[in-house]
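Position one of the sequence shown corresponds to residue 1 (my numbering), numbered consecutively onward.
Fair warning: there could be bad hints in the mix.
Stated by the list, open to error - Pairwise CB distance ranges (calculated): (1) Glu42 with Lys68: 16 to 22 Å; (2) Gly148 with Leu97: 14 to 20 Å; (3) Ala23 with Gln134: 34 to 40 Å; (4) Ile26 with Thr119: 35 to 41 Å; (5) Glu122 with Ile82: 30 to 36 Å; (6) Glu75 with Leu158: 31 to 37 Å; (7) Ser40 with Thr81: 17 to 23 Å.
Claimed, not checked - DSS-like, lysine-lysine: derived pairs with alpha carbons at most 30 Å apart: (8) Lys129 with Lys68; (9) Lys94 with Lys129; (10) Lys129 with Lys147; (11) Lys94 with Lys68.
Since the hints were derived computationally from the structure, they do not count as laboratory data.
In this text, a Cβ means the ideal position worked out from N, Cα and C, and glycines have one as well.
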Amino acid sequence: MISGNASLNPVGTPDDDQIIEQALVILEQRVFTRGPSLQSPEDVRNFLQLKIAAQPHEVFGAVFLDSKHQVLAYEPLFQGTIDSASVYPRVVLKRCLDHNAAALVLCHNHPSGCTEPSTADETLTQRLKEILGQVDIRLLDHFIIGKGDPYSFAEHGLI
Numbered sequence: 001m002i003s004g005n006a007s008l009n010p011v012g013t014p015d016d017d018q019i020i021e022q023a024l025v026i027l028e029q030r031v032f033t034r035g036p037s038l039q040s041p042e043d044v045r046n047f048l049q050l051k052i053a054a055q056p057h058e059v060f061g062a063v064f065l066d067s068k069h070q071v072l073a074y075e076p077l078f079q080g081t082i083d084s085a086s087v088y089p090r091v092v093l094k095r096c097l098d099h100n101a102a103a104l105v106l107c108h109n110h111p112s113g114c115t116e117p118s119t120a121d122e123t124l125t126q127r128l129k130e131i132l133g134q135v136d137i138r139l140l141d142h143f144i145i146g147k148g149d150p151y152s153f154a155e156h157g158l159i
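Input sequences plus hints: build the corresponding full structure.
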């Protein structure tokens with residue numbers, strides 16, 4: 001969330017930030033309230049875009065889901081620099097087990113704005129899919145958030 005005088009938009013006002021913060025609360029209530037299943041990937045995409053697109057550094061997060069794809073939690077798991085973040089599969093797996101998740105949607109941002117996955121992004125996603133699969137946790141998608149439309153690994157046949 002927004003703290004202090006930090007603004008999501010360098011030309012924005014504190015009122016703009018307050019509106020954005022209220023919109024995030026509403027989206028969390030609609031999309032990420034435990035109970036309803038995820039009906040629309042577009043809702044998840046929009047939420048994740050609002051949550052991490054404006055971060056000045058890479059943020060790697062996860063949406064933890066139960067077996068009916070009801071949201072258990074969203075967590076930013078790792079923060080990095082302007083062009084990379086260290087992601088530890090052991091931590092991702094541990095958080096899945098802590099939440100008793102049956103499925104997972106991963107996300108990270110590219111502060112540069114480019115949403116095309118790097119070779120490292122593709123390798124990490126496949127590695128996490130394999131590791132999670134060993135304990136019957138399904139990796140449903142991995143979104144890269146930047147400028148424009150988020151990139152979906154599932155929609156591009158990479159999961």
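Status of the hints after comparison with the structure:
Between Glu42 and Lys68 the CB atoms are about 19 Å apart, so this pair conforms to the stated range of 16 to 22 Å. At roughly 35 Å, the beta-carbon separation of Gly148 and Leu97 lies outside the given 14 to 20 Å, and the hint is violated. Distance hint check for Ala23 and Gln134: the Cβ-Cβ separation is about 38 Å, which falls inside the suggested range of 34 to 40 Å. One distance hint, 35 to 41 Å for the beta-carbon pair Ile26 and Thr119, holds here, with the actual separation near 37 Å.
For the hinted restraint 30 to 36 Å between Glu122 and Ile82, the CB-CB distance of approximately 21 Å leaves it violated. Against the hinted window of 31 to 37 Å, the Cβ-Cβ separation of Glu75 and Leu158 comes to about 23 Å, which falls outside the hint. Separated by about 33 Å at the C-beta atoms, Ser40 and Thr81 break the suggested range of 17 to 23 Å. Among the hinted pairs, Lys129 with Lys68 is consistent with the structure: their alpha-carbon atoms are about 19 Å apart, no more than 30 Å.
With a CA separation close to 14 Å, the supplied pair Lys94 and Lys129 stays within the 30 Å bound. Taken as a hint, the Lys129 and Lys147 pair is honoured in the structure, with Cα atoms around 26 Å apart against an allowance of 30 Å. Annotation: proposed proximity of Lys94 to Lys68 holds, straight-line Cα distance about 20 Å (limit 30 Å).
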